[in-house]
Structures are given as structure tokens and as C-alpha cells.
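Protein chains: 2
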Amino acid sequence: MAAKIKVSRFLKRYESLQEVLLDKDLAGLGDIYVNFVHSLALSQKLQRPKGAKVNNRILAEAVKRSGLRKMLPRRIDRHAQGNAAEALIVYAWIQEAMSFEDCLKILGEGDDPTDAFTQLLQEIEKRLGATL
Amino acid sequence: MAAKIKVSRFLKRYESLQEVLLDKDLAGLGDIYVNFVHSLALSQKLQRPKGAKVNNRILAEAVKRSGLRKMLPRRIDRHAQGNAAEALIVYAWIQEAMSFEDCLKILGEGDDPTDAFTQLLQEIEKRLGATL
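Chains as they are written, first to last, in the working numbering: chain A, 521 to 652; chain B, 521 to 652.
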């Protein structure tokens, strides 16, 4: 999907992972993207359409468990930690490092959303490793 | 995208367009889907990532202009009219009648979002015509 619609055209050049994590524009789009993938994963589990927003507490906890927390400024609240996760997830999609389908698969595995988001962030970090 | 991830597996059988328009489960997922396509269209226009929610007033007006309003119960508020648009848009995506890319293209055309959503709803109604 990303390749077809050329979303990467509107992405500026980021110099570091931290720059991605703290980008507010990316976090804004990421919030919407994450809710969509999450809702679709949930719909598949429940076998009926379901719209749901991801709790910020879950994203902040996944940032902590994945080890990304240490890349963020010390005095940063839970909301900003959630933003960092959202920014990174949509960045990976736009950069074609983590396809929509792969993201959906990881979020659909297991029953604990915090575990699933932790795994997703770790996998993204691994895949982006060489590029940022 | 829809074909690959087999979203249609969790869709029940709908007997009429009105049944789709009034389905609350579809509206829930549709809300999230519409915000995502809208945000991506906006990001392409602005040439930077942007997350934005579609105003319910815009969706309700598009329902009116597209002629779908007459398929809904007379005493229905603006919120429910917006829900109807969201339900139909995501239904068309799941049914593969309107791909994500086509939807993005229509929403990206022109500068008036009400016009764009009106055109989208009319095109969906046309494409679904034979199936519902």
C-alpha cells in the first residue's frame, strides 16, 4: 500500500531515531494510523467490525519495555511517551520498513496489547537499525 | 490491502443499503478508517504528516447532498448521519468495492472536504448498486 500511494514523498529527512520519536507531526498521523491497525486487529479477533482507540498507558508501557524510553528526555510525561510510539510506528510504515500487513499481524498475536505493542516497537527498531 | 488481509471474513451478510448505514459496529470501525484516509489525504496536500479527525458536520452534509439522507429514518440527528457515512465508507472498503487508494484519491481532489465526501459517497453507492 505504501509503495502505491507514495506516502514517503512528504517525509523529511530524519537524522536520528530520537528525532523521529519526538516529531509532533509524525505523532499526529501516527495516532490515527495506530488506532486504525489496532481496530482492524481487534475486529479480526472479535469477528465483527470494531473501532477502538489505543490507551496511552499501553503505548507508554510498551515504550518502557521495548527499551526506547532511554532514548527520550528524562522529564517526559506519559502522553509524550505514547506520542513517541505512534510517531515511530507510522514512520516505519511510511518508510516501508514495517508494512501495514506485518503490523496488523503482530498486533493480532496474543491477548495482551502491551506485549503486542512492545514486540512491534522492538521489531521496528531492529528493522530501522541500519537506516537511522 | 483488503484482499491480502481478508477483512471481509468478519463481515456479516447485509440485506440492504439501509442496514449498512445504520450498523453501529460498522460505524465504529468506519470512524477510525475515515479519519485515517482523511489524514493521509491531508498529509499529501500539506506535504507533511498530519493527523486530523473529520468533522461530523461535514459527513452529515455529504450524506444530505449525496441523496443518502432519504434512506435514513426521518428523526435522526447529525451524529447518526455522520455514522451512516462512516459505516458505508468502511463497508465499501471491506467489500472491495472502493479500495483504500481510490478513496484516498477522491478525498485528495479539490479543496472542499464536503464536496469530496459527497463525491465519495455517490461513487460508493454507484459501485455497490448491483450488490445491495
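For the record, the hints were derived by calculation from the structure and aren't laboratory data.
A portion of the hints provided could be inaccurate.
Treat identical chains as interchangeable: a pair holds within one or across any two.
[Unchecked claim] List time: in silico SDA-like cross-link candidates among lysine to any residue, alpha-carbon distance up to 20 Å:
no.: 1; residue 1: Lys573; residue 2: His599
no.: 2; residue 1: Lys570; residue 2: Phe530
no.: 3; residue 1: Lys584; residue 2: Ser536
no.: 4; residue 1: Lys544; residue 2: Lys573
no.: 5; residue 1: Lys565; residue 2: Glu629
no.: 6; residue 1: Lys544; residue 2: Leu562
no.: 7; residue 1: Lys590; residue 2: Glu629
no.: 8; residue 1: Lys646; residue 2: Glu621
no.: 9; residue 1: Lys532; residue 2: Lys570
no.: 10; residue 1: Lys584; residue 2: Leu566
no.: 11; residue 1: Lys584; residue 2: Phe530
no.: 12; residue 1: Lys544; residue 2: Leu624
no.: 13; residue 1: Lys544; residue 2: Leu592
no.: 14; residue 1: Lys565; residue 2: Glu539
no.: 15; residue 1: Lys544; residue 2: Asp597
no.: 16; residue 1: Lys590; residue 2: Gln564
no.: 17; residue 1: Lys565; residue 2: Arg533
no.: 18; residue 1: Lys532; residue 2: Pro593
no.: 19; residue 1: Lys646; residue 2: Ile596
no.: 20; residue 1: Lys565; residue 2: Lys625
no.: 21; residue 1: Lys565; residue 2: Arg647
no.: 22; residue 1: Lys570; residue 2: Gln615
no.: 23; residue 1: Lys570; residue 2: Phe620
no.: 24; residue 1: Lys584; residue 2: Arg529
no.: 25; residue 1: Lys544; residue 2: Arg568
no.: 26; residue 1: Lys573; residue 2: Asp545
no.: 27; residue 1: Lys646; residue 2: Glu629
Taking the hints in turn, this is what the structure says about them:
For the homomeric pair Lys573 and His599, the shortest alpha-carbon distances inside one copy (14 Å) and between copies (19 Å) are both at most 20 Å. With identical chains, the CA atoms of Lys570 and Phe530 are at most 20 Å apart between copies only, with a shortest distance of 10 Å across copies and 30 Å within one. Taking the closest pair of Cα atoms, Lys584 and Ser536 come within 20 Å of each other only inside a single copy of the chain (19 Å); across copies the shortest separation is 48 Å, beyond that limit. When the C-alpha separation of Lys544 and Lys573 is checked against a cutoff of 20 Å, the pair qualifies both within a copy, at 19 Å, and between copies, at 16 Å.
Taking identical chains as interchangeable, the C-alpha atoms of Lys565 and Glu629 lie at most 20 Å apart only when both belong to the same chain, with a minimum of 9 Å there against 35 Å between chains. Taking the shortest Cα distances, Lys544 and Leu562 sit within 20 Å of each other only across copies (16 Å), while inside one copy they are farther apart (27 Å). Within a single copy, Lys590 and Glu629 get their C-alpha atoms no closer than 26 Å, and across copies no closer than 42 Å, so neither meets the 20 Å cut-off. Proximity of Lys646 and Glu621 under a CA criterion of 20 Å is satisfied intra-copy only: 17 Å inside one chain copy versus 29 Å between copies.
For a Cα distance limit of 20 Å, the shortest separation of Lys532 from Lys570 across copies, 13 Å, qualifies, whereas the shortest one inside one copy, 33 Å, does not. Proximity of Lys584 and Leu566 under a CA criterion of 20 Å is satisfied in neither setting, with 28 Å inside one chain copy and 33 Å between copies. Taking the shortest Cα distances, Lys584 and Phe530 never come within 20 Å of each other, neither inside one copy (29 Å) nor across copies (34 Å). Taking the shortest Cα distances, Lys544 and Leu624 never come within 20 Å of each other, neither inside one copy (23 Å) nor across copies (23 Å).
Only within a single protomer do Lys544 and Leu592 lie at most 20 Å apart by alpha-carbon distance; the minimum there is 14 Å, versus 40 Å between protomers. In this homomeric assembly, Lys565 and Glu539 never come within 20 Å of each other (Cα to Cα): the closest approach is 34 Å inside a single copy and 23 Å across copies. In the homo-oligomer, the alpha carbons of Lys544 and Asp597 lie at most 20 Å apart inside one protomer (14 Å), although the nearest pairing across protomers, at 35 Å, exceeds that limit. When the C-alpha separation of Lys590 and Gln564 is checked against a cutoff of 20 Å, the pair qualifies neither within a copy, at 34 Å, nor between copies, at 32 Å.
For the homomeric pair Lys565 and Arg533, the shortest alpha-carbon distance between copies (18 Å) is at most 20 Å, but the shortest distance inside one copy (37 Å) is not. Taking identical chains as interchangeable, the C-alpha atoms of Lys532 and Pro593 are never at most 20 Å apart, the minima being 22 Å within one chain and 47 Å between chains. Taking the shortest alpha-carbon separations for Lys646 and Ile596, neither the intra-copy value of 24 Å nor the inter-copy value of 50 Å comes in at or below 20 Å. In this homomeric assembly, Lys565 and Lys625 come within 20 Å of each other (Cα to Cα) only inside a single copy, at 11 Å, whereas the closest approach across copies is 30 Å.
In this assembly of identical chains, the alpha carbons of Lys565 and Arg647 never lie at most 20 Å apart, being 27 Å within a copy and 29 Å across copies at closest. Only between protomers do Lys570 and Gln615 lie at most 20 Å apart by alpha-carbon distance; the minimum there is 16 Å, versus 28 Å within a single protomer. With identical chains, the CA atoms of Lys570 and Phe620 are at most 20 Å apart both within one copy (18 Å) and between copies (18 Å). Taking identical chains as interchangeable, the C-alpha atoms of Lys584 and Arg529 are never at most 20 Å apart, the minima being 31 Å within one chain and 35 Å between chains.
In this assembly of identical chains, the alpha carbons of Lys544 and Arg568 lie at most 20 Å apart only when taken from different copies (11 Å versus 33 Å within one copy). For the homomeric pair Lys573 and Asp545, the shortest alpha-carbon distances inside one copy (19 Å) and between copies (14 Å) are both at most 20 Å. Proximity of Lys646 and Glu629 under a CA criterion of 20 Å is satisfied intra-copy only: 19 Å inside one chain copy versus 37 Å between copies.
In terms of the numbered hints stated before, the structure departs from hints 7, 10, 11, 12, 14, 16, 18, 19, 21 and 24, listed from lowest to highest.
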